[in-house]
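Colleague: Sequence:
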Amino acid sequence: MDYDADGRLDFLTGSIAGKVYLYRRKPNGTFGAPDVLKKDGGGLFKALRTPINVGRPSSVAMGDWFSSGKLDLFIGNGEGEVYLFPNDGTRQKPAYKRTVQLKAGGKSIKADGGMAGPYIADWDGDGKLDLLVGSGSGKVVWYRNTGSKGKPEMAEAVTLVEPFRSGERGTTTAAQIPKRSATNAKVCVADWNGDGRPDLIVGDYLTLQEGDSYRAHGWVWVYLRKPAGTGSAITANK
3 MDYDADGRLD FLTGSIAGKV YLYRRKPNGT FGAPDVLKKD GGGLFKALRT PINVGRPSSV
63 AMGDWFSSGK LDLFIGNGEG EVYLFPNDGT RQKPAYKRTV QLKAGGKSIK ADGGMAGPYI
123 ADWDGDGKLD LLVGSGSGKV VWYRNTGSKG KPEMAEAVTL VEPFRSGERG TTTAAQIPKR
183 SATNAKVCVA DWNGDGRPDL IVGDYLTLQE GDSYRAHGWV WVYLRKPAGT GSAITANK
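Counting in this note's numbering, the sequence shown tops out at residue 240, every number present.
Don't read these hints as lab results, they were simulated from the structure. Each hint should be verified, as a subset may be incorrect.
Label-pair distances were calculated between CB atoms; the ranges are [unchecked claim]:
id	residue 1	residue 2	range
1	3	151	16 to 26 Å
2	50	18	35 to 45 Å
3	219	50	17 to 27 Å
4	37	58	15 to 25 Å
5	181	6	17 to 27 Å
6	70	28	23 to 33 Å
7	92	25	18 to 28 Å
8	81	198	32 to 42 Å
9	220	19	17 to 27 Å
10	209	70	35 to 45 Å
11	221	196	14 to 24 Å
12	158	37	17 to 27 Å
13	71	33	35 to 45 Å
Just so you know, even glycine gets a beta-carbon here, dropped at the ideal spot from N, CA and C.
My request is simple: use the sequences and hints to build the entire structure.
Modeller: The structure is reproduced here in structure tokens:
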């Protein structure tokens, strides 16, 4: 993601404490020390800037939500909420003055099992950006943008990946590796296999028992999009 339109890809991340950090890429390809993203004050408090924090931990995404040519900021928190910080600055110098808790179908978004992980992409190919959200339960949902250009509005959630159940594991190894993405789902969208259709990429977290000990695992799964009219929209590949 090119945060400030300087032609170099930067790195943006949430944190356990809830703050959001920006690592700007230097001309030599390395990254500088992180900057904490801050919210600008308004009115008499215009000069006041405080760290953006809507709850811990945080997970972030960016996208041109209002078709303005500027990147807006999205943050999910541990409670399962998703917040939008519209870019009130410019493409080169973003500024965040407003905090909007996102709703879909008239209700505030609440990720299943908390740990909301938002991502912005045109999932249905209609030319408008949609919101996808991973969750603590492993469930991944899609909120279709049913609004008009510059005036986004989200429909009720459509489930892309069902919540993970502890019994959904393979039996070929002692570690009982799962057959699909597990808990704490974090999502990304890309055309993984170059077939012209957006695929779903999901990172996860799972603690497995191995004998008398436990070990934490994290995998990345690819759910390939199937052609229209062939049943399930996506299928998992590890």
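Colleague: Hint by hint, note whether the structure agrees.
Modeller: Evaluated hints:
no.	hint	in the structure
1	3 <-> 151: 16 to 26 Å	holds, 22 Å
2	50 <-> 18: 35 to 45 Å	violated, 26 Å
3	219 <-> 50: 17 to 27 Å	violated, 44 Å
4	37 <-> 58: 15 to 25 Å	holds, 19 Å
5	181 <-> 6: 17 to 27 Å	violated, 41 Å
6	70 <-> 28: 23 to 33 Å	holds, 28 Å
7	92 <-> 25: 18 to 28 Å	holds, 21 Å
8	81 <-> 198: 32 to 42 Å	holds, 37 Å
9	220 <-> 19: 17 to 27 Å	holds, 20 Å
10	209 <-> 70: 35 to 45 Å	holds, 43 Å
11	221 <-> 196: 14 to 24 Å	holds, 22 Å
12	158 <-> 37: 17 to 27 Å	violated, 37 Å
13	71 <-> 33: 35 to 45 Å	violated, 25 Å
In this structure, the earlier hints numbered 2, 3, 5, 12 and 13 are contradicted, and the remaining ones agree with it.
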